Structure formats: C-alpha cells, structure tokens
Amino acid sequence: MNNLRENLKEQIIEQLNLEDIKPEDITNEGDLFGDNGLGLDSIDALEFIVLLESKYNIKISDPQEGKKIFKSIDTLASYIEKNK
Amino acid sequence: MYYIHAISSITHQNTFRIDNIIKELSPIKENSNLISPDYKEFIPGAALRRLSPVLRIGLTAAIDCKNKIGKKFDAISVGTALGCLRDTEKFLKTFHTSTSDFISPTSFIQSTHNTIAGQISLGLKNHAYNMTHTQNNLSFEMALIDAIMCINEGKINVLVGSADEKTPFLELLQPKIISKKYPLSTGGSFFSISKTKNKIGIIDVKTIFNSKNTELEIKDFLKKHKYETKDIDVILHSDSNIEIPKSCHFINFLKYSGLYYSASSFALHFAHDYLISKNKNSALIVNDICIDKVGLILIKSNEA
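These protein sequence lines map, in sequence, to chains A and B.
Following the working numbering from start to finish, the first sequence increments by one per residue and tops out at 84.
Following the working numbering from start to finish, the second sequence increments by one per residue and tops out at 304.
Bound conformation, chain B alone (with noise of 0.2 Å):
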C-alpha cells in the first residue's frame, strides 16, 4: 500500500485547506470559477507574474503539501491531459499571425513539455526526479503508477498531482473532441505519498488503453486485489455507464469536479475525505472520460 500524508487541490470548489471536502461540495454550475488562493502567500511576486491558472494551481498545491508533511519530496510526478494551454494557445497564435522575427519567449518557454513539473521542481527548489506525463484522461493515473515506481525503487516522499485549465479557444473546441456533457473546469489536486503507514492507502492503479469493456476491466482489476464489486463501499466514476450492485453507493465525480481531463485526481481527493468522514473502507475511481480509456484506482481504509 502507498499512503497519502497530504493533499491540496485548488477546484472550483471549496477544497483548498479544507480538512474535509465533502460537506463543502455542491453540484457546479454552468459558468463557475476555480475558487483561487492568494497566491502571494506561497509564491514570489517577481516568478507569480509569468504563471499561469495551471502553474499556479500546482506550485501552490505542492508547496502546501509540502508544508503539511514538514519534510522535502524525493519525487515530483505530474499529470496534464494539456498542459499549459493558455500559454500554448498565446505562442501558436504570435506564431501564426507575427511579422517579426522575434516573438515573446515567455509562452514558448512555458508550452513546453514538462514545464508543471519543473516549475515546481525550481519552486520548491528542489531538484529531485520531476517528471511530467500526459496521456489524455489517463495523464493523472500514469503519474500515479510513476510515483508507485519511484517509491518502489526507494525514494520516501513523492509528490503526486495533476493539473488541466480550460480556456474559450478549449469550451469551442469540447463538443467535437468529448461527448460528456459537463461544465468546463479548471482545477488541480497533489498528494504527498509514501510507505510510512496513515489513514489511507492506494491499493493499486491501473490503466486501460482500447477497453471494450468496462465492467469487465473493473472485475478483472478487483479480482486481482481478492475484491469483488459488491465489496467496495463507494465507486466514483465520470459518468460511466456500468452496473453497480445497490449496497454499493455510486457518484459521479464530474458532477462536482466539472470537466477536465485529468479530474481523477480531484476523485482521488474525494474518495480519501468520503471514507473517512463515513468510516468506510474501501473506494473505487473509475475515469473513462474519453471514451475506450480507462483509469482504476483502489484505495483503501486503514481505520474502518
């Protein structure tokens, strides 16, 4: 088992420094906003200005889990389904449309590839592994598995999380590249992981590419756990379509997270704080939010 000693997520919910996220959670509404810190209380002016929503949601987030645990990650592990969008979006648009030679290296630097995690890697001023993975819905849950990996080769603290920010050009865009029918979010959730035994513990994630099958996969990955899915206490999912049996009780996480593509970790958040507010054992994230990917993570109480 891998333990979570803390969380942050910054959503349009009420979540940031928040013991419990479940008493302050509401279905979200056409037109929300992220629910932002002030985020001059954990980064400098001078490096705030160039941030953008994602940036600053996961430099933000990692500095407040690394304040909760009181010690330094030995791994940072981030996933984004698209990055930093409003900064890709700036460059290929002065790209495109600039009669100068030169363009503003600020977008360009930041539309690179492992820009969230490095970004925190040099906020933190820590220069352990850092590593930034995207594999659309599955961008979280691949970090996941990298985290897993690098406390399996010994590294102690891991820092794991996803980001994803929505933008006008991405609400244009959503009716022709996904078929749930969500409002449009922002928002960010990291956890600080490790062996050292706590509340909650993540039993095993797995990832599922080209599924037929959902349900199929669900019972597959909890065979293999000695689970079947009656026994699990709580199955959150993104509007899946699967039968569930009635002891089992089912939300659906895109109801209160919104749509962006790497919300299991905002799931994640929620299983940990529903079972223990309920004294449940035993949670299930299923994200098939593109269609024919599929991401399960099995957590499990310490304490129920």
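In isolation and in its complexed conformation, chain A is listed as follows (with noise of 0.2 Å):
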C-alpha cells in the first residue's frame, strides 16, 4: 500500500508536469486540489480519470466520485486498492 502511494506521487508528478514538485513534497493525507492543496484544477481530474484507466485499468463512470476519490493520496489509493 505505501508503494502504491509513492508510485502515485511520482505518476501525478509526471503525468502533470508538475516541475518544481518532488514525490517528498506531496504527504498521504494533504488535499490534491485548491489552493490550500497541491492547487491543481479541472483539468488535472480529466488527467487523473486518464491516468487512472492507464495505469490501473480503473474507469470511473460516474464524475461526481471524482471529488472525494482525488481528494488526497490515501483517498486515491484506497479507491485504487478497492477496485483494481
């Protein structure tokens, strides 16, 4: 499970661009979105409905799930745990 969530901060990293950030800056638990976050927006869950079915072979039918599966690390692994 920890592996899965380091493999997770260095795909977000990647599949985001996210130069100036290193897989020890983002923690398990810290919001991925808004300004108190990561501050990634939008487009960056459109990136991770992406990277999820990529990755993990997980499609995620319903957008409204969206907003608490990304909401941080552990909640993303967890959902990844679940369901692959």
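None of these hints come from the bench; they were simulated from the model.
Be a bit skeptical, because a hint or two may be false.
With a Cα cut of at most 25 Å, we get these calculated DSS-like pairs of lysine-lysine [as the list claims (entries may be wrong)]:
{"#": "1", "chain 1": "B", "residue 1": "K72", "chain 2": "B", "residue 2": "K93"}
{"#": "2", "chain 1": "A", "residue 1": "K59", "chain 2": "B", "residue 2": "K93"}
{"#": "3", "chain 1": "B", "residue 1": "K176", "chain 2": "B", "residue 2": "K219"}
{"#": "4", "chain 1": "B", "residue 1": "K278", "chain 2": "B", "residue 2": "K246"}
{"#": "5", "chain 1": "B", "residue 1": "K155", "chain 2": "B", "residue 2": "K199"}
{"#": "6", "chain 1": "B", "residue 1": "K40", "chain 2": "A", "residue 2": "K22"}
{"#": "7", "chain 1": "A", "residue 1": "K55", "chain 2": "B", "residue 2": "K90"}
{"#": "8", "chain 1": "B", "residue 1": "K93", "chain 2": "A", "residue 2": "K55"}
{"#": "9", "chain 1": "A", "residue 1": "K59", "chain 2": "B", "residue 2": "K90"}
{"#": "10", "chain 1": "B", "residue 1": "K195", "chain 2": "B", "residue 2": "K176"}
{"#": "11", "chain 1": "A", "residue 1": "K22", "chain 2": "A", "residue 2": "K68"}
{"#": "12", "chain 1": "B", "residue 1": "K255", "chain 2": "B", "residue 2": "K180"}
{"#": "13", "chain 1": "B", "residue 1": "K93", "chain 2": "B", "residue 2": "K219"}
{"#": "14", "chain 1": "B", "residue 1": "K68", "chain 2": "B", "residue 2": "K195"}
{"#": "15", "chain 1": "B", "residue 1": "K300", "chain 2": "B", "residue 2": "K246"}
Anything over 12 Å on all C-beta distances counts as not near chain B; from chain A, calculated [unchecked claim]:
{"#": "16", "residue": "N3"}
{"#": "17", "residue": "N7"}
{"#": "18", "residue": "P23"}
{"#": "19", "residue": "T27"}
{"#": "20", "residue": "E29"}
{"#": "21", "residue": "D41"}
{"#": "22", "residue": "L46"}
{"#": "23", "residue": "D62"}
{"#": "24", "residue": "Q64"}
{"#": "25", "residue": "E65"}
{"#": "26", "residue": "K67"}
{"#": "27", "residue": "A77"}
{"#": "28", "residue": "S78"}
{"#": "29", "residue": "Y79"}
{"#": "30", "residue": "I80"}
{"#": "31", "residue": "K82"}
Examples of chain B residues toward chain A, derived with CB under 8 Å [unchecked claim]:
{"#": "32", "residue": "R50"}
{"#": "33", "residue": "T97"}
{"#": "34", "residue": "S100"}
{"#": "35", "residue": "P105"}
It should be emphasised that the depicted structure is a prediction, and the values quoted were computed from it without experimental measurement.
Even glycine gets a Cβ: it sits at the ideal position worked out from N, Cα and C.
Assemble the dimeric complex from its two separately framed chains, guided by the hints.
Now the structure itself:
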C-alpha cells in the first residue's frame, strides 16, 4: 500500500508536469486540489481519470465520484486498492 | 501610421529586454537554442507547467509589452504558422497509439485554434477581442492587418505578434516542405501598437497570395505610398531573389532569426531597432519564406 502511494506521487508529478515538486513534497493526507493543497484544477481531474485507466485499468463512470476519490493520495490509493 | 510603443522578442538571439537588439545579433548556427528568460518571473508555476515553448514565449512577451506601456490592451492579435506544434504532435501520437478509452486532455486543449491569443487573454486577465491567425508564412502579416483594422475601428492599444516553435518532427519534414536552407528555430516577437505618435510607425502591410513576381509586388506596394525602392534605406528580406539599388542596405533576416514561418515579426523588431540605431528613415520587410506568398511591411522613422 505504501509502495502504491509512492508510485502515485511519481505518476502524478509526471502526468501533470509538476516541474518543481518532488514526491516527498506531497503528503498522503493533504488536499490535492484547491489553494490549500497542490493547487490542482479541473483539467488535472481529467488527467487523473486518464491516469487511473491507463495505469490501473480502473474506469470512473460517475464524474461526481472524482471529488471524493481525488481528494488526497490516501483516498486515491484506497480507491485503487478496492477496485483493481 | 500605426506607431510601435513596446516590443518584446524571445528568440535564439539575445533579444529579450534589450534596448536595441542590433548589437546583439550574429548569424545563428545549427543547433543553437532558444534564449529563454526566467518564465517564472512572469507566469505562475501552476499555469507554466502546462505551457509549451510557443505559449511561454507568447504570454511572457505579451506581459512584457503590457508592463512597458502600463496600459490594458484593447485587442490581441496573434499570428502563428503552425501553432502549438508540440502539443498537436503529442495529441495525435497518443490518439493514434492509445488503446485506452480516454486520452490526456491537456495536449488536445492546447492543440485547438486560438490557443495562443486565448492563453494570452487568460494570462493577462484581459477579455478583449483576441484572435489567432494562421496563414502559413503570412501569419504575422495577417495578424498585423487585423490589429490595424482594430485600431481603425476605434481600439486604442493593440497587442500584435507572432510565435512559432520547432520540433524534431518538423526538422525531419523541413527539406520536403520548404526550399530555404536555414537552421530551424523557435521564436516570437510581440508589439504594442497604437495611433499615438512615437519614434517608429508602420505605414502599411500587404499580403499577396499567388505572387508571380516579388519585385513587381514591391514596386506596386511602394508606389501606392509614393516611394521607390531607391528611397528605402534598408530592406529586410527572407533570402529573397530580388534586385535592389546599391544605395539600399539589404539584410537577410533569416540569417539572424533562423527559420520559422512567422519570422517576419522578428524582422519588424530588427527593422525598428535598425532605423533608430542607424538614424535611418525607412525600412521594408519582404517575407517570401514560402514560394508565391509575399508579405510586405513598410515602416518609417519620425526622427531621422
């Protein structure tokens, strides 16, 4: 599970081209979206949907689910664990 | 006349935030690189991460021009021959090879028309008229014609410019699509123009499609403004095969800009600084980078 979290951080940095951010800068429980977190936005949410399908073969059919799933590295990892 | 009040160029030469670029210019070499400013000074990191070189150039040069004039633009007019080529290539490649139901949206969004002028508009938080013109080697001239029309309609300060980027794939294609043999380069030049009087003004711009004879087009264009070729102090040309009077200084701007299809904006910056530094009166830019498509820009100094 910790490996999954570390992999997710690296994949997010690569997919979203977060040039100045290192995996250790992203906490497991911190917000990914909004000004209090990494500052990701709606285009990044679309990139997350692509990432989940291409790397984990998981499809999100209801976009409303995304808000909860993409809240943090912890919520993302839990969702992947349950659905892969 | 339409006067130039601010210029910002990011190219393979040292042109950004340089008062007069003439002394900085030397013929560019194969494998030279874009001389980029620190884009983070101009664009927030969250936005910067998505922007390809052509968008970084466009937005940074636009912000630099805005800072120089200290006023809001009433219109934004941009020319680009190939647009966001890197993003377009990325999107098409993924579209062609991906087996997934979804593909990355960012490269698609940035492959769409009006991305450059649109991003400048968003970056400046300026929702005035914004348009991206794509007309091959005449893209900058078309943007300039649009900018002049905006001023004629009553808009005060208009941002006009062009940018294009090279990619490895374009370098592979170059010998097949263009006969001019110059190193491909990436670059962009932006200008703030208005009716308010200043040192250098644009007299007129003309685009000719299906041109049979560049020399005749030049003569007709100059005659309209009561000029002859011998009256022009400097002609900046794109390796053009034309005969000119000995009194006229003849400069091939592609030697300095490298080859990108909208490099006539670089030539306008070159001509502007040339007239000022040499205390000359008039300059003509002849852009026939693509065969049979000729762009002509006539500019004049108010001080010489």
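Hints and how they fare:
With a C-alpha separation of about 39 Å, the suggested pair K72/B and K93/B falls outside the 25 Å cut-off, and the hint is violated. Distance check on the hinted pair: K59/A and K93/B sit about 22 Å apart at the alpha-carbon level, within 25 Å; holds. Of the pairs offered as hints, the one joining K176/B and K219/B is violated, with about 31 Å between alpha carbons and a cut-off of 25 Å exceeded. Of the supplied pair hints, the one linking K278/B and K246/B holds, its CA atoms being roughly 17 Å apart against a limit of 25 Å.
This hinted pair checks out: K155/B and K199/B have alpha carbons roughly 20 Å apart, not beyond 25 Å. Restraint check for K40/B and K22/A: the C-alpha separation of about 18 Å stays at or below 25 Å, so the hint holds. Our distance criterion of 25 Å between C-alpha atoms is met by K55/A and K90/B, whose separation comes to about 18 Å. Straight-line distance between C-alpha atoms of K93/B and K55/A comes to about 18 Å, which keeps the hinted pair within the 25 Å bound.
The hinted pair formed by K59/A and K90/B meets the criterion: a straight-line CA distance of about 23 Å does not exceed 25 Å. Taking the CA atoms of K195/B and K176/B, the gap is about 42 Å. The hint is violated against a cut of 25 Å. Between the alpha carbons of K22/A and K68/A the distance comes to roughly 24 Å, so the proposed pair stays at or under 25 Å and holds. With a CA separation close to 11 Å, the supplied pair K255/B and K180/B stays within the 25 Å bound.
With a C-alpha separation of about 46 Å, the suggested pair K93/B and K219/B falls outside the 25 Å cut-off, and the hint is violated. Proposed proximity of K68/B and K195/B is supported: the alpha carbons are some 17 Å apart, at most 25 Å. For the hint pairing K300/B with K246/B, the CA-to-CA distance comes to about 20 Å; that is within 25 Å, so the pair holds. In this structure N3/A is separated from chain B by more than 12 Å, as the shortest Cβ-Cβ distance comes to about 23 Å.
Here N7/A stays apart from chain B, with its beta-carbon at least about 18 Å from theirs, past the 12 Å limit. Look at P23/A: its CB is around 16 Å from the nearest CB on chain B, clear of 12 Å, so calling it non-interface holds up. For T27/A, the non-interface assignment is confirmed: its Cβ lies about 18 Å from the closest Cβ of chain B, beyond the 12 Å cut-off. Under the 12 Å C-beta cut-off, the non-interface status given to E29/A relative to chain B holds; the minimum distance is some 21 Å.
Residue-level check failed: D41/A sits 8 Å from the nearest beta carbon of chain B, not beyond 12 Å. In this structure L46/A is not separated from chain B by more than 12 Å, as the shortest Cβ-Cβ distance comes to only about 4 Å. For D62/A, the non-interface assignment is confirmed: its Cβ lies about 15 Å from the closest Cβ of chain B, beyond the 12 Å cut-off. Every beta carbon of chain B lies more than 12 Å from that of Q64/A, the smallest distance being close to 17 Å; the non-interface claim holds.
Listed as a non-interface residue, E65/A keeps its Cβ farther than 12 Å from every Cβ of chain B; the least gap is roughly 15 Å. With a cut of 12 Å on Cβ distances, K67/A stays outside the contact zone with chain B, its closest approach being about 18 Å. At roughly 20 Å, the least C-beta separation between A77/A and chain B is larger than 12 Å, which holds for a residue marked as non-interface. S78/A, annotated as away from the interface, keeps every beta carbon of chain B farther than 12 Å; the closest lies near 22 Å.
No beta-carbon of chain B comes within 12 Å of the beta-carbon of Y79/A; the shortest separation is about 17 Å. With 12 Å as the threshold on Cβ separation, the claim that I80/A sits away from chain B holds: the shortest Cβ distance comes to roughly 16 Å. The Cβ of K82/A lies farther than 12 Å from every Cβ of chain B, with a closest approach of about 20 Å, so its non-interface assignment holds. Hint status for R50/B relative to chain A: holds, with the closest Cβ pair at about 7 Å, below 8 Å.
The interface hint given for T97/B is violated, since its Cβ lies 12 Å from the closest Cβ of chain A, which is over the 8 Å cut-off. This hint holds: S100/B has a C-beta 5 Å from the nearest C-beta of chain A, less than the 8 Å allowed. At about 4 Å, the closest approach between the beta carbon of P105/B and any beta carbon in chain A falls short of 8 Å, and the interface hint on this residue holds.
Checked against the numbered hints above, the structure breaks hints 1, 3, 10, 13, 21, 22, 33 and satisfies the rest.
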